[in-house]
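Undergrad: Which chain is which? The protein sequence lines are A and B, in order.
Under this note's numbering, the residue at position 185 of the first sequence is numbered 185, and the numbers go up by one with no gaps.
Under this note's numbering, the residue at position 495 of the second sequence is numbered 495, and the numbers go up by one with no gaps.
Read the hints as simulated data drawn from the structure, not as lab findings.
In this text, a Cβ means the ideal position worked out from N, Cα and C, and glycines have one as well.
Misleading hints may appear alongside valid ones.
To be verified - Straight-line alpha carbon distances no greater than 30 Å define the calculated DSSO-like cross-link-like pairs of lysine-lysine that follow: (1) Lys207/B - Lys144/B; (2) Lys411/B - Lys489/B; (3) Lys73/A - Lys411/B; (4) Lys340/B - Lys325/B; (5) Lys192/B - Lys207/B; (6) Lys100/B - Lys57/B; (7) Lys339/B - Lys143/A; (8) Lys154/A - Lys325/B; (9) Lys128/A - Lys411/B; (10) Lys340/B - Lys143/A; (11) Lys174/B - Lys233/B; (12) Lys400/B - Lys340/B; (13) Lys233/B - Lys153/B; (14) Lys325/B - Lys128/A; (15) Lys154/A - Lys128/A; (16) Lys233/B - Lys144/B; (17) Lys325/B - Lys73/A; (18) Lys233/B - Lys120/B; (19) Lys174/B - Lys100/B; (20) Lys98/B - Lys57/B; (21) Lys57/B - Lys144/B.
What the hints assert, rightly or not - Coverage of chain B stretches by chain A, computed from C-beta distances (three or more under 8 Å per stretch; other residues unrestricted): (22) 143–150; (23) 274–284; (24) 394–404; (25) 471–481.
What follows is each chain in one-letter form.
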Amino acid sequence: MDSASLEQLLQKSPALLWQGRKASTQKQGIASGFPALDRLLPSAGWPLACITEISTMQCGAGELRLLMPAIAKLTQQALYVVWIAPPFIPYAPSLSAYGIDLRYLIILDSIDNEQDQYWSMEKLLPCKQCGMVLMWPHSYHDKHIRRLQLAAEKGNSLAILYPRNRQQHSSASLRLLIQATAINQLQITILKARGVLHARTTTLSVQL
Amino acid sequence: MTNLAQQTQLLLTTEKNTDTAPAYQPLWMCIHFPLLSAHSLGLTQKQKQPFIIFQRKSQTVHYACPAAQQLGIETGMPLSQAYLFCETMIAYPRNKRKEKSLIQSLALWAKQFSPHVSVKYENALLLEIRASLNLFDNIYQLEKRIRNGLQVKAYPISIASSPIPIGSYLLARKANNIITETRHSLHAELGKLDLADFLIDQNNQDKLSNLGITTGHELFRLPVADLSRRLGKEFHTYLNTLLGIQHEPVNCIKDKLSFYDFYDFSNDEQDFELILRHMYQLVDQLLHFLIRNDLSCSSLSFTFSASNKASSTLIVNTSSSTRDKQIWYNLIREKLNAKKLSQNNVYGIQLNVSHFQHHNYQNQSLLHHNKSEQSENWQHAIDQITARLGPNAICMLEAKEDHRPEFSYRKTPYNKQQHKPYLTHKHTYRPLWLLAKPIAISRQDYVPSKNINIERIEDGWWDKQAIRRDYYIAKAENNDLLWMYVDLKNNHQHFLHGYFA
Numbered sequence: 001m002d003s004a005s006l007e008q009l010l011q012k013s014p015a016l017l018w019q020g021r022k023a024s025t026q027k028q029g030i031a032s033g034f035p036a037l038d039r040l041l042p043s044a045g046w047p048l049a050c051i052t053e054i055s056t057m058q059c060g061a062g063e064l065r066l067l068m069p070a071i072a073k074l075t076q077q078a079l080y081v082v083w084i085a086p087p088f089i090p091y092a093p094s095l096s097a098y099g100i101d102l103r104y105l106i107i108l109d110s111i112d113n114e115q116d117q118y119w120s121m122e123k124l125l126p127c128k129q130c131g132m133v134l135m136w137p138h139s140y141h142d143k144h145i146r147r148l149q150l151a152a153e154k155g156n157s158l159a160i161l162y163p164r165n166r167q168q169h170s171s172a173s174l175r176l177l178i179q180a181t182a183i184n185q186l187q188i189t190i191l192k193a194r195g196v197l198h199a200r201t202t203t204l205s206v207q208l
Numbered sequence: 001m002t003n004l005a006q007q008t009q010l011l012l013t014t015e016k017n018t019d020t021a022p023a024y025q026p027l028w029m030c031i032h033f034p035l036l037s038a039h040s041l042g043l044t045q046k047q048k049q050p051f052i053i054f055q056r057k058s059q060t061v062h063y064a065c066p067a068a069q070q071l072g073i074e075t076g077m078p079l080s081q082a083y084l085f086c087e088t089m090i091a092y093p094r095n096k097r098k099e100k101s102l103i104q105s106l107a108l109w110a111k112q113f114s115p116h117v118s119v120k121y122e123n124a125l126l127l128e129i130r131a132s133l134n135l136f137d138n139i140y141q142l143e144k145r146i147r148n149g150l151q152v153k154a155y156p157i158s159i160a161s162s163p164i165p166i167g168s169y170l171l172a173r174k175a176n177n178i179i180t181e182t183r184h185s186l187h188a189e190l191g192k193l194d195l196a197d198f199l200i201d202q203n204n205q206d207k208l209s210n211l212g213i214t215t216g217h218e219l220f221r222l223p224v225a226d227l228s229r230r231l232g233k234e235f236h237t238y239l240n241t242l243l244g245i246q247h248e249p250v251n252c253i254k255d256k257l258s259f260y261d262f263y264d265f266s267n268d269e270q271d272f273e274l275i276l277r278h279m280y281q282l283v284d285q286l287l288h289f290l291i292r293n294d295l296s297c298s299s300l301s302f303t304f305s306a307s308n309k310a311s312s313t314l315i316v317n318t319s320s321s322t323r324d325k326q327i328w329y330n331l332i333r334e335k336l337n338a339k340k341l342s343q344n345n346v347y348g349i350q351l352n353v354s355h356f357q358h359h360n361y362q363n364q365s366l367l368h369h370n371k372s373e374q375s376e377n378w379q380h381a382i383d384q385i386t387a388r389l390g391p392n393a394i395c396m397l398e399a400k401e402d403h404r405p406e407f408s409y410r411k412t413p414y415n416k417q418q419h420k421p422y423l424t425h426k427h428t429y430r431p432l433w434l435l436a437k438p439i440a441i442s443r444q445d446y447v448p449s450k451n452i453n454i455e456r457i458e459d460g461w462w463d464k465q466a467i468r469r470d471y472y473i474a475k476a477e478n479n480d481l482l483w484m485y486v487d488l489k490n491n492h493q494h495f496l497h498g499y500f501a
């Protein structure tokens, strides 16, 4: 096989062939709206068809503001964004002010059973009309993550987990740790990302 | 002087000699349900203990099960006499209302074979099938379909077909599987019946017996004028109708388009998978009905009945009408799971659908998945979640023009056809998380390190829910950004109302 045909094969089916760190840089992503963060992420944005885990020790660190530009972009493209079991009431005027089209924001907040929460996420992720699903689980196992990973791959959608209790280990493709260092200042540490060998940290300015 | 047989022959000859194109000749199929009264009460012949069904008014036996018949109990016997034959038999009063309800439901089911279905005669259905013969190839195929359909439901039946409705009914009551497509052959078959098999009142039956008449052949040989004089004009009309000399009016059920099908288990069932399988079979029947009528539907109504007369209903809805089998299967499974049916016994399942829409055909792209296909996937996922978690599980948010934070948003049920204008509120400092109930903060426990942008919200005097608050953003020790306020109406108490997440 000559190099031209090998290159052709790699371009044709990148997911089927492991390509080391190069593969992850070729992955599709949605721009986060923060150039510094995009430069840090292997997919140059929030990775599609992957599970992203965002850990934070607080409720008001800015963990949601980080996603607002991406959510606004998706809803404006008529793609649904679903929030499963949010810990508090998502405040509609504020969301609207961030540019989110509320007609494409769905809330599943009356599901007490965690199995049902995972089941719902798994059902929604493969839908082509679903752009992003966010969930706030109390706990999870690798089995859950693997199932969600397959569902996200099927729909090429964004799956975000905000674990309420920080997990030591997780098979999520991308793991971020967020800490507020000052007002409107976030320190983001990439704990794990495909194609990234060492933890990377950046500090972002996230306006209210 | 002519007799009835000669009159019939004359009529047939006239029909043959007519030069004009043959008129539409109706063909009536009668399906007789001999055990309808027992089935309406949920009784089957498999029951070991002898039982009878009695007429409440006359206190006579209406139906005796085979075990009771073996003991000598017969239909028409006084109830007290029946007890002499078997003291331990169970006697159920006949319930005509239930019988009527059952035969009506069977009539709805039979509408898949003919649009003209009548319940004119007791325990029987009349179907005008001449026009249906082309659809089902021939009468034998049609009869086979009907028998198979009712066999699944464990209903013993007898079927007869003839050009005269009452002729079909009399033949079906007496014998099984008789097809007489001409009046002549019907006449011959009716002649074989005993006098008691005709629907003749007891008085006239006695008079004919006294004349030595015992069969149909003997009856038809009698002179018409003589019969009219002796037995009255009504009897004469009855015989004319029976032989097709006089037209018999039949009222067919003319309800709006609906689908009904059911399945009865022989015992109370608790097995989830078995119940589900039979529900799927009912859905399959529905889908055949939908395809035949070029329709789709968005709501199925299942009724589960138990032998202890308790019944429950399961409604399965989709947000858009469909006839996709897999979508219905998934929704039914989720809904049945959520219903926790295992706590109850199920004796029978009924499926009723009364609202339909014309099926919406969509052009399929050969190369790419189109938008409507994507939309269908999304709707199906939403329908599944609704089926499993209930209709209130999914909601949307709406921003409202109100300064009070508690009243400036609203949760609305999910509606795919929401056409609200896209609102952009320019509230610069509003948190993303709002607490359902503000938390009182004691100044000793919590001291915000920095206060910025104090905003007074004073509103709601018109609806007796007035507030007077000074909102401010506070930074906690761990750098969390909090949305807090001082309640000016409540002793200047500080409250936490949201997080700038």
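Undergrad: Holds or violated: lysine 98/B with lysine 57/B, Cα cutoff 30 Å?
TA: Holds, at about 17 Å.
Undergrad: Between lysine 128/A and lysine 411/B, is the straight-line Cα distance small enough, at 30 Å or below?
TA: holds, 25 Å
Undergrad: Mind checking, does the segment 471–481 of chain B have 3 or more residues with a CB under 8 Å from chain A?
TA: holds (count 7)
Undergrad: Taken at face value, is the distance from the CA of lysine 144/B to the CA of lysine 57/B at most 30 Å?
TA: violated, 39 Å
Undergrad: Holds or violated: lysine 340/B with lysine 325/B, Cα cutoff 30 Å?
TA: It holds: about 23 Å lies between the C-alpha atoms, which stays within 30 Å.
Undergrad: Closer than 8 Å, Cβ to Cβ, for at least three residues: run that test on the segment 143–150 of chain B against chain A and report holds or violated.
TA: violated (count 0)
Undergrad: Is lysine 233/B within 30 Å of lysine 144/B, Cα to Cα?
TA: Violated - the C-alpha atoms of lysine 144/B and lysine 233/B are around 40 Å apart, more than 30 Å.
Undergrad: Does the structure keep lysine 325/B and lysine 73/A at a Cα separation of 30 Å or less?
TA: violated, 36 Å
Undergrad: For the pair supplied as a hint, lysine 154/A and lysine 128/A, confirm whether the alpha-carbon distance does not exceed 30 Å.
TA: Since the Cα atoms of lysine 154/A and lysine 128/A sit roughly 9 Å apart, the hinted pair holds (cutoff 30 Å).
Undergrad: Is lysine 174/B close enough to lysine 100/B, meaning Cα to Cα at most 30 Å?
TA: holds, 22 Å
Undergrad: With a cut-off of 30 Å on the C-alpha distance, tell me whether lysine 192/B and lysine 207/B pass.
TA: Roughly 20 Å between the alpha carbons, so the hint for lysine 192/B and lysine 207/B holds.
Undergrad: Does lysine 144/B lie within 30 Å of lysine 207/B when you go C-alpha to C-alpha?
TA: violated, 41 Å
When the structure is compared with the earlier hints, violations turn up for hints 1, 12, 13, 16, 17, 21, 22 and 23 and for no others.
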